[in-house]
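Visitor: Listed below are the residues making up each chain.
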Amino acid sequence: MKMVKNKFMQGNAACVEGAISAGLKFYAGYPITPSTEIAELCAEKLPKIGGRFIQMEDEIASMGAVIGASFAGVMSMTATSGPGFSLKQENLGYASFVEAPCVVVNVMRSGPSTGLPTSPAQSDVMQAKWGTHGDHPIIVLCPDSVKSMYELTIRAFELSEEFRVPVILAADEVIAHMREAIEIRDDLKPVQRRYTTKKPGEFKPYDDSEGLVPPMAKFGDGYRFNTTGLMHDTEGFPTSDPVKSQKLQDRLRDKIEKNLEKIVSVKTYNMDDAEVAVFAYGSTARSAMAAIVEARSNGVKAGLIVPETLWPFPEKIISMYAEKVKAFVVAEMNMGQMVYEVERCMHGKAKLLTVFQANGELIKPELILNRIKEAVK
Amino acid sequence: MNRMYEDYYRMDRMPTIWCPGCGNGIVLNGFIEAFKNSGLDRKNTVIVSGIGCSSRSALYLDFDTIHTTHGRAISFATGIKQSRPELNVVVLTGDGDCSAIGGNHLIHAARRNIDLTVVCYNNSTYGMTNGQYSPTTPTGSITATSMYGFMESPFDLCKLVEAAGATYVARTTTFHAKMIPMMIKNALLKKGFSFVDCIAQCPTYFGRKNKMSTPADMMKWIRDSSVNKKTAETMSESELAGKFVIGEFVNKEKPELTAEYTKLVERLKLKEKEGAAYAKV
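The listed protein sequences derive, respectively, from chains A and B. Everything in the first sequence is counted per our numbering, starting at 300 for the first residue and increasing by one. Everything in the second sequence is counted per our numbering, starting at 16 for the first residue and increasing by one.
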């Protein structure tokens, strides 16, 4: 594996590096703290590599433009934060339903509403899954370092193309603005889309006979296909047929649920002999790491579970560890969101303790350490 | 149906969902005639629409078509055009779609002069939801949400996009059906943001509530309310109240966004080559 020298950069910059390595050629966005550096760097870098940037009139338009570019066959991304992520929800649902591959970065800041615009939070993790109306497939990744921001951005493009699904990179303000050294790979090939090999006339944009993820066509290739946010048949035209409607809903669920092994990724630390499992993601995982190290030096066998994939939720691994440990400590920068998923997957097999904080400050390791100690009392 | 049109329709999607006497078919036929006369390549053309009766047009056209979300067609179209400038991008939309919920996208697309052709089927009502007032409903009209008479002022969409910077702006009506293909063709061939406002009748949800229950009544109303641009210049503001001024209002040249961006990409490429050459020396 060829590497260029280490680079020292912030998370938002690492995201842009990763996106460009993955093949990003189109960015549409609207300025919002703390994600703005992503737009600024795309504006600078994309025209240099034959890509294109546009600053749209609002967040809704940015999401629309990204989906338009995706159907035009151009790898596309937008980035936003809090209020902007709320505005994107309708078109995000459209992207999911019409199966338009695209990447949406949400640098989470403290909410609700305008909240604390420059402070970190992890309070959009349920919204990322359920923010738009209707059942819909979506993948949400969560970086816990600048390195992981780079890697998961690349992964986001890979997953979005492989499963024809919008992928959300749910970073938090700390990860986005923290500076760390990372290695930028220069041997990466752009992510490839799977295009149909069928001729125009034979091609159906939502052909379920071709597996759970139908290959695409792009605008301008002579396929004259239609796509719509209405309930649609395999040919991409509106239908109200209950059988066809349910079949589409089932396939959209199955393309994620039957590919969990390819999608779900979790990092674990010191979990082999752990009595207490800390579940933390994003920058909170960094505090949690300090807490488990400190706990171990105090003689408490603590381990850490860091989900890189928030959605689909890593059910199996949580259930598996719930059988092994005495207690779980869930720490998140919100008033308690992913904890409900953890609790559901624990099946009451272990004690559950929590650290919730939504005041715009990072969760300090001591708070997590105190809970770990409480868990083994 | 005339064969000239048939070739451009998805005949297996007929009949349309439109009510008998609806004006949308006249506009859509006008678009097809315009497209055929424009000489543009169908393969390189994408039709984008939003939500509403008129936006169903995309589903009936045998092109690459994308039926998007309510009001957002222009933003999707902007993404298509800016990412693939070689494509011709057409937006078929309605008055509610492009000037109420999508008004922000309309004015900004005109301002940035991106090469899109926007055709507005302007029937001054939300037909799909049974006839509520829209931003272009004439003052005093009875609608499902203005049963005591509409008390706001309507938008003049042509003036709006002209002020925002569009390079081609025209208005006609379904009564003046021959003008539709002429204007849409000019719009398609214009390298820049073009807007054609087509006043159309909705006898079912607008006409019936306003003493024009037949399509013919509505066509007569459209005829009698239409004023040629030249005549309009001699009329006072109060004389023009409730009238549709028809004609070409703007037809000018201005640098177009995606072409300018292509120049930037070329310039940066050249700079990089020069930089590399300099580094070798």
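If you're looking for bench data, these hints aren't it; they were derived computationally from the structure. Treat the hints loosely; a few may be bogus.
Claimed, not checked - Cross-link-like lysine to any residue pairs, in silico, SDA-like; alpha carbons within 25 Å at most:
(1) Lys278(B) <-> Gln354(A)
(2) Lys517(A) <-> Lys288(B)
(3) Lys488(A) <-> Lys206(B)
(4) Lys517(A) <-> Lys269(B)
(5) Lys517(A) <-> Ala291(B)
(6) Lys269(B) <-> Lys503(A)
(7) Lys517(A) <-> Lys206(B)
(8) Lys503(A) <-> Ala292(B)
(9) Lys344(A) <-> Leu55(B)
(10) Lys206(B) <-> Gly322(A)
(11) Lys347(A) <-> Pro100(B)
(12) Lys288(B) <-> Gly433(A)
(13) Lys517(A) <-> Tyr293(B)
(14) Lys269(B) <-> Gln354(A)
(15) Lys503(A) <-> Lys278(B)
(16) Lys284(B) <-> Gly322(A)
(17) Lys347(A) <-> Lys278(B)
(18) Lys503(A) <-> Lys284(B)
(19) Lys284(B) <-> Arg484(A)
(20) Lys543(A) <-> Lys284(B)
(21) Lys488(A) <-> Met29(B)
(22) Lys676(A) <-> Gly519(A)
(23) Lys344(A) <-> Thr277(B)
(24) Lys58(B) <-> Lys344(A)
Predicted model, so just to flag it, every value in this text is computed and none were measured.
Visitor: Against this structure, judge whether each hint is valid.
Guide: A quick look at each hint next to the structure:
no.: 1; hint: Lys278(B) <-> Gln354(A); verdict: 18 Å, holds
no.: 2; hint: Lys517(A) <-> Lys288(B); verdict: 32 Å, violated
no.: 3; hint: Lys488(A) <-> Lys206(B); verdict: 36 Å, violated
no.: 4; hint: Lys517(A) <-> Lys269(B); verdict: 30 Å, violated
no.: 5; hint: Lys517(A) <-> Ala291(B); verdict: 35 Å, violated
no.: 6; hint: Lys269(B) <-> Lys503(A); verdict: 40 Å, violated
no.: 7; hint: Lys517(A) <-> Lys206(B); verdict: 23 Å, holds
no.: 8; hint: Lys503(A) <-> Ala292(B); verdict: 49 Å, violated
no.: 9; hint: Lys344(A) <-> Leu55(B); verdict: 33 Å, violated
no.: 10; hint: Lys206(B) <-> Gly322(A); verdict: 29 Å, violated
no.: 11; hint: Lys347(A) <-> Pro100(B); verdict: 17 Å, holds
no.: 12; hint: Lys288(B) <-> Gly433(A); verdict: 50 Å, violated
no.: 13; hint: Lys517(A) <-> Tyr293(B); verdict: 40 Å, violated
no.: 14; hint: Lys269(B) <-> Gln354(A); verdict: 20 Å, holds
no.: 15; hint: Lys503(A) <-> Lys278(B); verdict: 37 Å, violated
no.: 16; hint: Lys284(B) <-> Gly322(A); verdict: 18 Å, holds
no.: 17; hint: Lys347(A) <-> Lys278(B); verdict: 12 Å, holds
no.: 18; hint: Lys503(A) <-> Lys284(B); verdict: 39 Å, violated
no.: 19; hint: Lys284(B) <-> Arg484(A); verdict: 23 Å, holds
no.: 20; hint: Lys543(A) <-> Lys284(B); verdict: 49 Å, violated
no.: 21; hint: Lys488(A) <-> Met29(B); verdict: 45 Å, violated
no.: 22; hint: Lys676(A) <-> Gly519(A); verdict: 66 Å, violated
no.: 23; hint: Lys344(A) <-> Thr277(B); verdict: 14 Å, holds
no.: 24; hint: Lys58(B) <-> Lys344(A); verdict: 31 Å, violated
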